[in-house]
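Enquirer: With the sequences and hints as input, model every part of the structure.
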Amino acid sequence: MKRIFQVILLTSMILLFFKNITAQELSLENLKTPNSPGFQILDISPSSIERPTNPKAFALSMFNLTSNGTAIPKNFAFELSPYWYTKPSNASVFKYLNINDGKHHNMFTGIFNKLSVSMVSAYSDSTSGSLLKNNNYIALGARTNLITVRSKKQNSDLKEALTIISERISNLKDNTDEKDKLKGLFTRYSLLLRSEKNIDSIIMLKTKMNLITIEIDKLNKIGPNELEKKLDSDEVTVEQLKKLSAIPLFQLDAAYAYSEAIPGNVFANKRFNRSGFWVNMTLSGFSFSETKLENNIAITASARFLNDNILTDTLNNIFQRKNSVDIGGRLEYSIQAFSLSVEYLKRKYSGNSSLNTERTVGMLQYKINDKLYLTGTYGKNFGKFNNLFTTMGINWGFGKSAMGFGNSD
Amino acid sequence: MEANEYFIDGNENEIFITVNVSTPGIASSKISLTFPTLVTIKNKAKSKDGTGVISRTSIGKGENLVDCLIEIETDILLNLIPKENWDNCYKNLVITYYLEGGVDNQSQPFICEESNKNKSDSGKTISVNKYIFLIKK
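Protein chains in written order, with the working numbering: chain R, 243 to 651; chain E, -4 to 132.
These aren't lab readings, by the way, just hints derived from the structure by calculation. Take these hints with a grain of salt, some might be off.
[Stated by the list, open to error] The following label-pair restraints were derived from C-beta to C-beta distances: (1) 91/E - 630/R: 57 to 67 Å; (2) 86/E - 442/R: 37 to 47 Å; (3) 38/E - 584/R: 29 to 39 Å; (4) 402/R - 55/E: 50 to 60 Å; (5) 38/E - 539/R: 52 to 62 Å.
All C-beta atoms in this analysis are idealised placements derived from N, C-alpha and C, irrespective of residue type, glycine included.
Expert: This is the structure we're talking about:
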């Protein structure tokens, strides 16, 4: 497993620094809240129980960027979603939104659509929760959505919304008479060209056809901008698009992560830290205002199965492998720009109840605008010492600054 | 504007078209027919459910479609997809166009090529214009 881990780690690093950075500029615009499985396995994500999302093709997170002034930050994470790099032959909005189209339930389409793999490197400069002082932690993770179920009414509403939007696109798309005339002339010249023998006439017809082609291309090129402008200001379309954002009734997500600790940042000292598999079941979509869909309650139940390497003898630096189970849940209420959530996880170790521990964290998030989030987290992390868990910062979701992140005593 | 060619016999055979669109975005497709007489028939067929798919549809008899230019327009909205993925949606868009009723053993299907695609400045809206000439063999 260690060998595999090292190979994956090296490959990922190479991919990260040579492929993605060149293919997609490494800018802080890709910052996002670090809630990937890699963070969650280390207990340092703002939330351990995350609601399902549609992953970005590639997301890079960094926190404490300036920690040691190193060129390659010790604290970073990236998450990659393979779906967005493939050319599926049967993708559809029904599959993407898990809508029952009458022939297919599309409950399981999220398995690949929402699959993401992540890698995290986090440095701990103090013993906190399950992290030890002066250890660098490397974690690999993957997560996906196993099942998404929409209610009968949701399926019906969403299908209706798609039909209306499709009709609006068709009606608002500018099909000018000018283009029809050009196409008509192109067709006529093409017919003449096929029967023409005179070289001069052929050249003349081809020239005319080329000019028409250029004009049609010009009209086609401006088409998307014009259509977008019309649709963005079309009240019917905007209203129907909002309906399509309805949160599914039920979602079952799964994740796996594996981590190693590197004491003193010396690779030879590395040891297994923790691996885990977990599932989250979310029941949501209870909107109190059905017309506006501006508030929701979501209840998530979570179960995690961990294999932990715990420091049992601090004097002799002896670690022991222990199996544990995390059971808990999260309650989230969101209204317009505000989101308030509280989560609780109880960790039970098999054969040693003295190691049992809990985590209770509350989180408040305020969406200032589409690019700017204010996030505050407060609570008790796992472990018995230094277990106060607070994060406070501005998360520039697609902005230009790093997110403040850290534990405080 | 590049036009593909599909050969027909110009007899009473009906010509059918099928358009398959593969995208997670909301898509809408419609077909228009233009003749050398400068007449254009708009919305000969169109998709209705947001997938952009036009299931097998007759566009008329071959004898009435000689030298006709088919335009298949597909517009795709990516509003529901994270902005970071718009570019990938554009690159990975797959549209296939099947024609039936013409001369046998022709290369099929026609596909959406790079030159057929356009997108808005933001990248949120994609339009594809495919042109196919129906030519009497």
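Enquirer: Now look at each hint and say whether the structure bears it out.
Expert: Hint by hint, here is what the structure shows:
One distance hint, 57 to 67 Å for the beta-carbon pair residue 91/E and residue 630/R, holds here, with the actual separation near 58 Å. The hinted window of 37 to 47 Å between residue 86/E and residue 442/R holds, with their beta carbons roughly 43 Å apart. A hinted range of 29 to 39 Å is violated for the C-beta pair residue 38/E and residue 584/R, which are about 53 Å apart. A hinted range of 50 to 60 Å is violated for the C-beta pair residue 402/R and residue 55/E, which are about 32 Å apart.
Distance hint for residue 38/E and residue 539/R: a CB-CB separation of about 44 Å, inconsistent with the stated range 52 to 62 Å.
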